[in-house]
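Visitor: Letter by letter, the chains look like this.
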Amino acid sequence: MENILSLLIWLPILGAIVVVFIPRDKEDIIRYTSAAFTGLQFIVAIQLWRKFEPENGGMQFMERLDWIPSLNISYILGVDGLSLPMVMLTAMLFFIGVFVSWNINKAVKGYFALYLLLDAGVVGVFLSLDFFLFYIFWEVMLLPMYFLIGMWGGPQREYAAIKFFLYTLFGSVLMLVGILGLYFTCGKTFDILLIMERAPEALDGALWWGMSASKVIWVLLFIGFAIKVPVFPFHTWLPLAHVEAPTAISVILAGILLKLGVYGIIRINYGIMPDTVWWFAGGLAFLGLVNVIWGAMCALAQTDLKKLVAYSSINHMGYTLLGMAAVVAAGAANGGDLKAAQAGLSGAVFQMFNHGTISAMLFILVGVVYERAHHRDIDGFGGLASQMPVYTGITALAFFAGLGLPGFSGFVSEAMCFIGAFPVFKTIVVLSTIGILLNAAYFLWAFQRVFFGKLNEKYKDMPEINSLELFTVIPLAIITLFFGIYPRPYLDLIRSTMDQIIEKVAFVANYAAM
Amino acid sequence: MNNLQSLEFFVPELILVITIIAALITDLFLKKSKTDVVGWVLGIGLIVVALSVINLRHVPPTTLFLDMIVIDPFSSFIKLVVILSTILIIIASWNNDELKDYRKGEYFTIMGIMVIGLFLMASSVDIIMLYIAIEVVSIMSFILAAYLKLDTRSNEAGLKYVIYGSFSSGVMLYGLSIVYGLTGSTNYFEIQEAISTLDSTANPALIMALLMIFAGFGYKISAVPFHFWTPDVYEGSPTTITAYLSVAPKAAGFAMIIRFFHQIFSDGNALGLNLIGATDMPWPEIIGVLAVVTMTLGNLVAIQQESVKRMLAYSSIAHAGYMMLALPVISIDAVEAVMIYLFVYLFMNLGAFFIVITIKNKTGGETFEDYRGLGWKMPFVGSVMTLFMLSLTGLPPTAGFVGKLYIFKTLIGAGESFYWLVIAGGVNSVISLYYYFHVVKVMFLEGERSDEIIQPPAPLFGLLIVTAVPSLLLGLYWNPLVTWVKDSLIFYTQTL
Numbered sequence: 036m037e038n039i040l041s042l043l044i045w046l047p048i049l050g051a052i053v054v055v056f057i058p059r060d061k062e063d064i065i066r067y068t069s070a071a072f073t074g075l076q077f078i079v080a081i082q083l084w085r086k087f088e089p090e091n092g093g094m095q096f097m098e099r100l101d102w103i104p105s106l107n108i109s110y111i112l113g114v115d116g117l118s119l120p121m122v123m124l125t126a127m128l129f130f131i132g133v134f135v136s137w138n139i140n141k142a143v144k145g146y147f148a149l150y151l152l153l154d155a156g157v158v159g160v161f162l163s164l165d166f167f168l169f170y171i172f173w174e175v176m177l178l179p180m181y182f183l184i185g186m187w188g189g190p191q192r193e194y195a196a197i198k199f200f201l202y203t204l205f206g207s208v209l210m211l212v213g214i215l216g217l218y219f220t221c222g223k224t225f226d227i228l229l230i231m232e233r234a235p236e237a238l239d240g241a242l243w244w245g246m247s248a249s250k251v252i253w254v255l256l257f258i259g260f261a262i263k264v265p266v267f268p269f270h271t272w273l274p275l276a277h278v279e280a281p282t283a284i285s286v287i288l289a290g291i292l293l294k295l296g297v298y299g300i301i302r303i304n305y306g307i308m309p310d311t312v313w314w315f316a317g318g319l320a321f322l323g324l325v326n327v328i329w330g331a332m333c334a335l336a337q338t339d340l341k342k343l344v345a346y347s348s349i350n351h352m353g354y355t356l357l358g359m360a361a362v363v364a365a366g367a368a369n370g371g372d373l374k375a376a377q378a379g380l381s382g383a384v385f386q387m388f389n390h391g392t393i394s395a396m397l398f399i400l401v402g403v404v405y406e407r408a409h410h411r412d413i414d415g416f417g418g419l420a421s422q423m424p425v426y427t428g429i430t431a432l433a434f435f436a437g438l439g440l441p442g443f444s445g446f447v448s449e450a451m452c453f454i455g456a457f458p459v460f461k462t463i464v465v466l467s468t469i470g471i472l473l474n475a476a477y478f479l480w481a482f483q484r485v486f487f488g489k490l491n492e493k494y495k496d497m498p499e500i501n502s503l504e505l506f507t508v509i510p511l512a513i514i515t516l517f518f519g520i521y522p523r524p525y526l527d528l529i530r531s532t533m534d535q536i537i538e539k540v541a542f543v544a545n546y547a548a549m
Numbered sequence: 002m003n004n005l006q007s008l009e010f011f012v013p014e015l016i017l018v019i020t021i022i023a024a025l026i027t028d029l030f031l032k033k034s035k036t037d038v039v040g041w042v043l044g045i046g047l048i049v050v051a052l053s054v055i056n057l058r059h060v061p062p063t064t065l066f067l068d069m070i071v072i073d074p075f076s077s078f079i080k081l082v083v084i085l086s087t088i089l090i091i092i093a094s095w096n097n098d099e100l101k102d103y104r105k106g107e108y109f110t111i112m113g114i115m116v117i118g119l120f121l122m123a124s125s126v127d128i129i130m131l132y133i134a135i136e137v138v139s140i141m142s143f144i145l146a147a148y149l150k151l152d153t154r155s156n157e158a159g160l161k162y163v164i165y166g167s168f169s170s171g172v173m174l175y176g177l178s179i180v181y182g183l184t185g186s187t188n189y190f191e192i193q194e195a196i197s198t199l200d201s202t203a204n205p206a207l208i209m210a211l212l213m214i215f216a217g218f219g220y221k222i223s224a225v226p227f228h229f230w231t232p233d234v235y236e237g238s239p240t241t242i243t244a245y246l247s248v249a250p251k252a253a254g255f256a257m258i259i260r261f262f263h264q265i266f267s268d269g270n271a272l273g274l275n276l277i278g279a280t281d282m283p284w285p286e287i288i289g290v291l292a293v294v295t296m297t298l299g300n301l302v303a304i305q306q307e308s309v310k311r312m313l314a315y316s317s318i319a320h321a322g323y324m325m326l327a328l329p330v331i332s333i334d335a336v337e338a339v340m341i342y343l344f345v346y347l348f349m350n351l352g353a354f355f356i357v358i359t360i361k362n363k364t365g366g367e368t369f370e371d372y373r374g375l376g377w378k379m380p381f382v383g384s385v386m387t388l389f390m391l392s393l394t395g396l397p398p399t400a401g402f403v404g405k406l407y408i409f410k411t412l413i414g415a416g417e418s419f420y421w422l423v424i425a426g427g428v429n430s431v432i433s434l435y436y437y438f439h440v441v442k443v444m445f446l447e448g449e450r451s452d453e454i455i456q457p458p459a460p461l462f463g464l465l466i467v468t469a470v471p472s473l474l475l476g477l478y479w480n481p482l483v484t485w486v487k488d489s490l491i492f493y494t495q496t497l
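Chains as they are written, first to last, in the working numbering: chain A, 36 to 549; chain B, 2 to 497.
Rather than coming from a laboratory, the hints here were simulated on the basis of the structure. Keep in mind that a hint or two might mislead.
[As the list claims (entries may be wrong)] Derived lysine to any residue pairs resembling SDA-like cross-links, with alpha carbons at most 20 Å apart:
| # | chain 1 | residue 1 | chain 2 | residue 2 |
| --- | --- | --- | --- | --- |
| 1 | A | 223 | B | 191 |
| 2 | A | 144 | B | 450 |
| 3 | A | 198 | B | 427 |
| 4 | A | 489 | A | 440 |
| 5 | A | 61 | B | 452 |
| 6 | A | 250 | B | 419 |
| 7 | A | 250 | B | 377 |
| 8 | A | 223 | A | 103 |
| 9 | A | 141 | B | 427 |
| 10 | B | 378 | A | 60 |
| 11 | A | 223 | B | 452 |
| 12 | A | 61 | B | 377 |
| 13 | A | 223 | B | 450 |
[Stated by the list, open to error] Derived coverage of chain A by chain B (criterion: at least 3 residues anywhere in the stretch with Cβ under 8 Å from a Cβ of chain B; other residues may be distant):
| # | segment |
| --- | --- |
| 14 | 102-110 |
| 15 | 200-210 |
| 16 | 410-419 |
Yeah, the Cβ is synthetic: ideal placement off N, Cα and C, and Gly gets one too.
With these hints in hand, go ahead and build the complete structure from the sequences.
Guide: Below is the structure:
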């Protein structure tokens with residue numbers, strides 16, 4: 036398995052090509068083919084995980100090929116402790132997503148071809164170590180997403196699709212400017228590792244419009260990523276896109292696409308401009324706080340169950356931002372609290388994964404009830420607990436995981452984010468605990484309205500969750516519970532890489548303090 | 002070089018002249034329904050011309066006909082781009098139902114004459130020659146725009162084009178006469194020499210002359226504020242001609258602008274050196290502002306269009322703006338970026354117009370209404386159109402992105418006084434997404450699954466493949482293109 040990373044990217048593309056050549060009436064064959072290719076990809080991802088050496092914090096399984104020599108563009112792939120869990124999550128959710136989409140019956144061929152293309156784009160972003168390649172994969176995701184929301188979505192899908200597209204494209208254009216800025220300041224290369232090496236020196240003292248170049252580039256890249264996360268105030272596309280998208284696409288969107296933004300900030304912004312982290316950490320923590328509070332307040336006000344889950348994503352991504360900001364605790368100026376920095380950054384990366392599994396679960400469960408009732412109005416149900424006990428049980432589990440109850444993985448990572456951020460950003464952390472309260476409130480309140488009380492007469496024949504749906508939810512529930520009780524394997528996997536990032540940021544800080 | 006010696010290097014144009022005469026004579030012997038044959042004559046002639054252009058590609062750059070025109074790799078590049086687009090348009094013209102009721106003999110012949118004009122535009126280094134070349138192209142364009150004589154819109158297009166064209170070339174001629182008055186020469190190199198010795202009291206006159214000349218150039222590449230003819234002419238002309246006007250004269254126009262400004266209004270051997278300062282004329286700033294205005298206006302007005310053809314007309318204004326972005330950077334990189342952009346633009350823009358032809362042949366219309374649900378009925382056409390729209394927006398991995406990448410790269414590499422142009426260009430790309438994807442939206446997001454799948458007729462299918470494949474492949478691997486462009490970045494320069 037020399038080119039295991041390439042395999043991960045090209046398998047779904049091959050799958051998409053195969054799907055295109057299957058006659059469009061053979062819908063079941065198309066479904067099975069997609070399941071086969073994503074399943075194969077998942078197996079390869081597991082192989083990658085087994086061969087991965089956690090003690091090594093650097094890049095592994097590197098691949099390098101010249102592509103456009105005149106611009107120094109190469110095809111470089113690599114995986115480390117930051118990207119590996121994300122790749123695993125991607126492969127798993129895309130595999131599960133095929134079964135979530137099993138009931139799609141409008142233009143099945145187009146749906147799965149685009150779905151597989153989206154898969155390749157996402158994996159490509161996590162694995163590429165060349166800025167140009169990174170950017171291409173980043174953009175390749177947009178088109179499938181546009182169609183998947185726009186063709187298979189709900190009533191307002193056209194508006195939602197173009198809004199998503201315009202927002203993300205705006206971010207990527209700014210990102211492109213930032214990338215080109217780095218290209219010229221760091222000796223005309225797109226190689227991310229090389230830029231990481233050269234950037235601190237090359238950007239030192241460089242000015243753009245009289246401002247520090249590294250700050251300008253940081254902000255350009257940050258906006259590009261923040262739109263994806265989404266960080267307040269760039270979040271307005273998200274609830275709409277989530278609500279209109281078909282269930283499987285909501286799962287992918289919340290489970291993986293949002294993580295791309297966080298991944299980008301940690302990989303690119305932190306990796307290339309560690310000194311600017313210091314300048315921005317306070318802002319990052321503050322944005323985290325706004326996300327937490329704002330997301331929770333909005334979720335509280337929703338009457339649409341799916342919109343509630345969508346806003347809960349904004350709330351949950353706030354915790355990651357807090358955790359990421361905690362990296363500065365390691366600097367000498369903040370007392371060199373290495374433990375706090377580790378807790379914060381690992382917590383953020385852990386939260387990415389946990390939110391991926393938990394929100395996927397939530398969206399699948401909302402999809403289950405929508406499929407049966409054809410609406411998602413929270414107040415339009417009532418008393419479902421007596422009608423669908425199994426469904427109620429699993430939803431209870433997912434909701435508890437979502438509100439961060441101890442024993443579920445979400446609790447561990449959120450707690451780590453708070454612990455990490457507390458020494459440096461005391462006020463912000465204290466304030467954002469209000470978010471946890473609200474978080475519990477909206478989940479419990481929604482749960483009560485949907486499942487308890489008198490059974491709504493309309494739904495007295497509502498069928499129980501079926502085995503295919505159970506098959507999609509149960510693995511996620513198990514992972515959530517497992518990491519809630521025993522998070523160690525995950526944290527061991529990412530530790531060395533996290534330490535490297537922290538060291539980088541802290542070293543710059545010590546350097547500056549001298 | 003004197004006239005007799007020059008003929009040896011003028012072979013492509015001579016072959017073209019013979020081809021045109023052959024086309025005229027062939028047409029005399031043909032019935033109306035057989036006039037497609039004239040297209041064959043022109044097409045084969047153009048292939049021979051292309052071969053002789055390639056053959057002369059590597060002769061040392063030199064001037065011909067007593068410093069009237071030059072032959073250098075740069076002009077060869079533009080000539081090949083023109084030939085390629087002309088051949089594609091000939092094939093499309095055979096399959097354009099709008100032209101079914103007309104004799105096509107004159108149509109192809111006039112197109113051949115236009116090619117000569119474009120060749121001369123790309124290679125002239127004398128303001129008289131320049132003017133003649135522009136007029137040859139313009140007059141032929143007027144006739145072609147009005148070719149559908151039974152269609153009032155086509156007549157309107159021709160008339161508007163004549164009025165606008167004669168007005169702007171008049172203004173340009175006046176500007177050129179001021180330049181001649183100040184410098185006493187019509188030759189680029191002598192003018193440059195003379196300008197560098199002028200004292201600054203002449204500046205107001207020079208700036209005025211510059212603006213007037215730019216009226217002529219701007220009209221040719223449809224830059225704001227000289228663009229008013231574009232939408233009506235593009236909408237009324239036969240679609241094949243619209244497509245042709247949006248590509249070939251634009252390529253030659255940019256070649257002309259690059260030669261004119263970089264040769265006359267930069268000091269030293271403008272082309273061939275890496276970075277040169279301009280004379281104190283503010284022309285880079287003027288072009289920068291015009292570029293931003295051009296693309297912004299093109300994009301904003303394109304949003305409101307209801308006809309796809311008219312939308313593409315405004316989009317081509319916007320693309321002229323993107324290409325103009327690179328011109329204020331007076332460097333070889335900027336010329337490279339414009340050349341790459343012109344080449345990829347050829348495929349994506351012609352492709353989009355070929356789709357318009359395909360749909361018009363089928364439904365008889367060119368509004369968004371005629372595209373509704375098309376992706377379901379004609380999945381191939383729908384997918385290819387999506388590719389062209391992606392490429393025109395400039396999203397990777399398509400050729401359009403590579404074009405924009407080189408433009409942005411040039412601007413960012415040139416220093417922070419150009420960053421605002423990058424931001425303006427980027428924001429404009431986002432705006433353009435909205436209207437380009439309006440087409441995609443009505444094609445795919447609206448309408449229902451149809452049981453019948455329609456494929457376009459074979460020739461159009463072939464044309465779509467020929468334009469779609471480069472639109473995608475050049476976005477994934479464009480090394481050969483860059484190598485070719487870099488080889489062509491040799492200009493004839495002369496210091497007196």
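Visitor: State for each hint whether it applies.
Guide: Outcome of the hint check:
no.: 1; hint: A:223 x B:191; result: violated, 38 Å
no.: 2; hint: A:144 x B:450; result: holds, 12 Å
no.: 3; hint: A:198 x B:427; result: holds, 17 Å
no.: 4; hint: A:489 x A:440; result: violated, 27 Å
no.: 5; hint: A:61 x B:452; result: holds, 14 Å
no.: 6; hint: A:250 x B:419; result: holds, 19 Å
no.: 7; hint: A:250 x B:377; result: violated, 48 Å
no.: 8; hint: A:223 x A:103; result: holds, 13 Å
no.: 9; hint: A:141 x B:427; result: violated, 36 Å
no.: 10; hint: B:378 x A:60; result: holds, 15 Å
no.: 11; hint: A:223 x B:452; result: violated, 53 Å
no.: 12; hint: A:61 x B:377; result: holds, 17 Å
no.: 13; hint: A:223 x B:450; result: violated, 49 Å
no.: 14; hint: 102-110; result: holds (count 5)
no.: 15; hint: 200-210; result: holds (count 6)
no.: 16; hint: 410-419; result: violated (count 0)
Comparing the model with each numbered hint stated earlier shows that hints 1, 4, 7, 9, 11, 13 and 16 do not hold.
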